[in-house]
Each structure stands twice: as structure tokens, then as C-alpha cells.
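Engineer: As they're listed, the protein sequences go chains A and B.
Sequential numbering of the first sequence, starting at 1, is according to the working numbering.
Sequential numbering of the second sequence, starting at 1001, is according to the working numbering.
These aren't lab readings, by the way, just hints derived from the structure by calculation.
Cβ atoms here follow ideal geometry from the backbone N, Cα and C, with glycine treated the same way.
Check the hints yourself; a few may be wrong.
Derived lysine to aspartate or glutamate pairs resembling EDC-like cross-links, with alpha carbons at most 20 Å apart [as the list claims (entries may be wrong)]: (1) 416/A - 429/A; (2) 425/A - 270/A; (3) 1036/B - 276/A; (4) 1036/B - 274/A; (5) 328/A - 307/A; (6) 2/A - 63/A.
Beyond 10 Å from chain A on every Cβ pair, some chain B residues (computed) [as the list claims (entries may be wrong)]: (7) 1028; (8) 1041; (9) 1048; (10) 1099; (11) 1112; (12) 1115; (13) 1119; (14) 1122; (15) 1127; (16) 1136; (17) 1143; (18) 1148; (19) 1151.
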Amino acid sequence: MKKIISIDIGSTWTKGGLFVLADKNLKLEKRLAVPTTQNNLVQGFSQALTGLLGKDENTPLKELVGAAEIYFSSSAKGGLRIAAIGLVPDLTLQLARLAAMSAGGKVMASFAFSLTRSDLANLEKLQPDILLFSGGTDGGNSQYILENARKLAGSALTCPVVYAGNRAVAEEVVELLHNKEVIVTENLMPEVGQVNLEPAREKIREIFLKRIVSGRGLAEIVELFGTQPRPTPLAVFELVSAIPAHQPEWSDLAAIDIGGATTDFYSNTESYLETDTVVLKGIREPRVKRTVEGDLGMRVSAQSLLDSGWPYLEERLQELGLWAESLKAYVDRISRDLDYLPGSEEESLFDRLLAETCVYYSALRHIGGWKETYTPQGRVYVQTGKDLRRVKAVIGSGGFLSAATTAQIMRHPLLKLKTYGQERKLLPEKPEFYADRQYLFSLLGNLVEKYPVEATALAVASLEKLNDEE
Amino acid sequence: MQPKNLSNREPEFKNMEKDTIILGVIGADCHSVGNKILELFFTAEGFKVVNLGVMVSQQEFINAAIETNAKAILVSSLYGHGEIDCQGFRDLCLEKGLDRILLYVGGNLVVGKTPFEIVEEKFKKMGFDRVFPPDVDLKKAAELLRQDIKERFGSNSTGPRNDGQAGQPEKSTPEAGARSTEDRDPKAE
């Protein structure tokens, strides 16, 4: 029997779980959450750890070494802020954005073609954690890349630069950016249509580790327990990646994680099925994909959700006979008081509408579509983006969806999305909906590298199937 | 863009030295057999072929040409609507900074029995460098392509990074300077 502890340091709560592994069977023993101590993350961490182990809160960390195997993740400091540069918006820039998001980052800004002065000013103002710099196939365009490298060299940007563009000019890029920290990795698109996100993702992860560990006490944890943290979204990404491989009946799945500041959408399914009547345009997206929406969230981003999500909200308010002004007043209130919980039936309904809106727009941006076209050879569908029709399970995670009591919170907005403009969205055709009731996804994500079979088994077993009744 | 037949790829470095050409069938045209033949043929002729397949829009041809620094775009059209589909192609290339790229077009370009000379003139007026009838000798076409590339890009045009500027003294790069604002994408999230 082995004791395993997983801790996730979030921006407001530090969550922990104590697991026991016996006969290849992983079981959750204890779960807790303590407030995150922003200026010294170790405090919250050790409070969680002592709590899980049933020790006195003031036990020095040193004395806990060896009491259990320890894994942890962190999304503190608002996660990983990435700026992306590509060449053509639909090709290398799109891949740069996907690579950044699937590495657990949040894309703060993205730029195509050559950087303008205002782009540079924008970048300097943003001061992202990482700049992902791509463009050109191997042996392809170099002019834009070199021009942008020259401009970046002259900028006040201080963050590390991950170069994942045309390999033929990698050395020149390094020379031009001699005053910056440059990490060269494989091209995101070595040839047109060839997608190669993994190497850049790995580099981003390494930088994240260094950066996050260096601040606010985490180095101590790493040294004591010999374990590296991962970004929380990456932990979930790894779990979603591993589930189909180890739990065959969960071959195609999606997960939606609605938080206070962002909404994350994960999918693991083949993105395009080639047939005579469906033609794919643009890049073929990876099987495992994460998108993160910084304007969709239940609290910190409630105000921007109101802007981005207005068309959906307006329709729903009308259907339910609710006042737009009341919703706006509610959003003002929760934006001021981020810990506010609904105090009336109407407020609960507003929260639910906000969650539906997060589902609707994150799905809209994550999922691809078909446009019908008539050709002399007959009707053809032109597909852009990712096909999620074969997804059988949609999992709700994050504070709000973990507590969902009905599948309708997710089903309803997805049904409304069936057609969007001229497009037929490639939504899951017959989805079952589940809630990550015990909020284990990020905790189990930390364990998946070491215990893929056991962690994925517990992950799916811990899900609660949602019905359509309220 | 579907993943292409990559099984018989040359070693990558060798590939990086070759002249890249973009291939595809324009418009709402699904004829894929000839397209595959062209890919095999031009690959065997020593070109680095980026085949975009069927139902390719002007913008897609141009996107691929920018990323790969291609020397030529070879447009096929077999269903008779080529004239409409190809309208404004050269202008869009210029607009997007591809001011030296070679444009070839071939196939059943118009409906009916228009004499080929008239078809050719039409497409040349549109800015295509070469226009081919359906029964063209591909060997000849490849030879012309090599010649045209040599003429336009200089004799030592191959090499991993010439950006269409090889064979010319270093000078201001028109492709970089004047970009229209609409093809930029400074999305700020």
C-alpha cells in the first residue's frame, strides 16, 4: 500500500487529495482545500499537506518527507501568459496559438506577418511570460521571420523566446536575438499541412517550471520532495490525453472547465474523417486539443462574458422572461465581490445562464464546422476546424460545472449551437454528460505520468453522470 | 490541407534546397485524379511539391506560397468555371506581397469549344504566366517551369533562403514593407 498526495495550488484555493494505491487500485482517502497564500505559496501547500496527513499544522515540511509520494501543480499568478507570432493567420499563427494553449498557457496576443510598431508596443506593455515565435515551413519563408527577429531584438521585451519557425534560419534568429534568451525547437509546421506541436509544447513546459519554481517558495518544495510542479491546465490536458489509451470505453471525450477567470475546453477525438464528400480546409487539428478563453468566466471575467456572450444571453433572458438590467446589476455585483455566491433563486438562475454562455462560446471557438457547397460533382461539405461528432462523453469540471445537477447546463447551449451562421457545427452527436463531482481532474492529472492506468481509472470512476431533469 | 503523401519524401535537407511549387484544383472543383498525377510527376521532376488538393481557394494558394517561399503556383481547373475562379488571382498575390511568383494555370478552363488561343489570351490578361490546354505534354511544362524560375529568380535560385530575392543585389524588400491592414491579425485576448 502506498500513500500518494496530489496538491493543486490555485489562485484562490490550494486543493489537495490523499490517495492510497493498493493492488493497482487507486482510491481517494481524503480531500481538502485551504486558502492560497499568495506571497508565500509554501504556507498553503504545507497547510494542505499536514491536513491530508493528519499532522499538526506547524509540523516543519522537512519532517513530512517520506510520509507519502508527493505531486503538485500550480496555476497561481494567473497561469502562463503567452504571446504568439506566426506568419499566415490560418497556418503557422493558428498552430502557435494551439501549441501555447495545449501547453497550459493563455494566449494574450497573437501577431501575423511583420510586426508593426504598435504590435511591438503592445508586446512590451503585455510583458508575457513567454513569446512563441514561429513562421515559415522548413526551408520556406525567412524574410518575415528575420525581419521580426530584428524588430524583437530592438524591443524592450525581457521574456524568453521559444523559436519554432523555419529551421533554415534558426541560427540567424539566435544571432539576431543575442540580447534575449532564445530557445530553439522544431518547427510547428515543417511542411504545409504537417502539424508538429509537441516539441514547442515541451519547451514551454520547461520554461514554465523554471519560472514558477523560482518564485515564492516553491523551490523549497521541489528540493525537499524531489518533484516538479506542472501548470494546472497541463495536468488536466495530460489526463484527458491519457484516458482513451487506458480506458477503452472512453475513447472519445471532451471536458469543459469553467472557472472564475477562464473557460477551458479540452477534446480528445480524431479531428477529421476523410470521405469523398467532406473536404478539410486549413490545418488538421491535433487529436488532443485544448483551447482557453480569457474572456469567458464566472467572476473575474464576468464583465467581459457579458460583452462577448451578449447574443446568447439576450436570447435566453427573453426565453426565461428575465430582465437584462437585473442580470447586468448582478454581473456588476459579482465583478466587485468575486467570492459572492447567489443569494436568491433569480441570482442562481443568472449564474446558470453565465455558465451556459461560457459553454456556448467556448464550444463555438473550439469546435469546427461544415459548410455545404454544391459542385458539378454533387454536394460537398467543406470542413474547417475539429470534428467532435464522435465524442460520447462531455465532462463538466471547475467550480460551477462540478456542482451541476442537470445535464441541461451543457446540453442546452450545445443544442443552440447546432448551426452557426451558414455553418453546421460538428458537435458531439449523442453525448452523455458527466460532472467531475469531487473536483479530482487536476489532482489526478498530476499522477497520470507515473500512474496512467490507475489515475485514469479513478478519474472516470469518480465522474457522476448527469440527467436532464433538474 | 490534408496531410500529403509523405511516404517517399527525400531526406529533408535535400528537400530544403529544391524549388517549392504549390499545386491545387481551384474553386468548387473536386477532380482529384489529375491532381495526384501532377503531384507525382512534378516531385519526380525534382520540385518540392506542396499539394493542396481539391477545392482550393485563391487565399489558400497564397497562404501556402507565403509560408513556403514558393516560386510558382500551379492552378488546375477542370470543370469549366476556371475563368471565374481565377479572376483577380494575380492582384491578390500582389496585394499579399507575392510580387514575383510565377502563376501557371491548366485544364478545361472554359466551357464549350473556345479556341485555345483565345483562352490563353484571356488568362494571360489575368496575369498568368503560362496557360496550358488539357492535353499538355507534362515534360514540356516542367521544362518551361524550370526555365521560368531561372529567368525570374536567377540561376542559383535554389537554396534554403532566398525569399525570391536571390540573383538580385540586396535591396529594399517590397514584400515586407507595404502590407495592407486587413491581412494582419493582432487578436488580443
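Engineer: It remains to establish, for every hint, whether it holds in the given structure.
Structural biologist: Checked hints:
At roughly 13 Å between alpha-carbon atoms, residue 416/A and residue 429/A fall within 20 Å of each other, so this suggested pair holds. Distance hint between residue 425/A and residue 270/A is fulfilled; the C-alpha atoms sit about 16 Å from each other, no more than 20 Å. This hinted pair checks out: residue 1036/B and residue 276/A have alpha carbons roughly 15 Å apart, not beyond 20 Å. Proposed proximity of residue 1036/B and residue 274/A is supported: the alpha carbons are some 16 Å apart, at most 20 Å.
Pair hint residue 328/A plus residue 307/A holds up; C-alpha atoms about 11 Å apart against a cutoff of 20 Å. Among the hinted pairs, residue 2/A with residue 63/A is consistent with the structure: their alpha-carbon atoms are about 18 Å apart, no more than 20 Å. Residue-level check failed: residue 1028/B sits 4 Å from the nearest beta carbon of chain A, not beyond 10 Å. With a cut of 10 Å on Cβ distances, residue 1041/B stays outside the contact zone with chain A, its closest approach being about 19 Å.
Some Cβ of chain A comes within 10 Å of the Cβ of residue 1048/B; the nearest lies about 8 Å off, and the non-interface call is violated. Against the 10 Å criterion, residue 1099/B stays outside the reach of chain A, whose nearest CB is about 12 Å from its own CB. No Cβ of chain A comes within 10 Å of the Cβ of residue 1112/B; the nearest lies about 15 Å off, and the non-interface call holds. At roughly 23 Å from the closest C-beta of chain A, the C-beta of residue 1115/B stays outside 10 Å, upholding its exclusion from the interface.
Consistency note on residue 1119/B: stated as away from chain A, and its beta-carbon is indeed over 10 Å from all of that chain's, at 19 Å minimum. Every CB of chain A is more than 10 Å from the CB of residue 1122/B (nearest about 21 Å), matching its label as outside the interface. Residue placement check: residue 1127/B keeps its beta carbon more than 10 Å from all beta carbons of chain A (closest about 21 Å). The Cβ of residue 1136/B sits about 22 Å from the closest Cβ of chain A, beyond the 10 Å cut-off, so the non-interface label holds.
Remark: the non-interface label on residue 1143/B is consistent with the geometry, its nearest Cβ contact in chain A lying 24 Å away (cut-off 10 Å). With a minimum CB-CB distance of about 20 Å to chain A, residue 1148/B clears the 10 Å threshold, and the non-interface call stands. A cut-off of 10 Å between C-beta atoms confirms that residue 1151/B is not in contact with chain A; the least separation is 21 Å.
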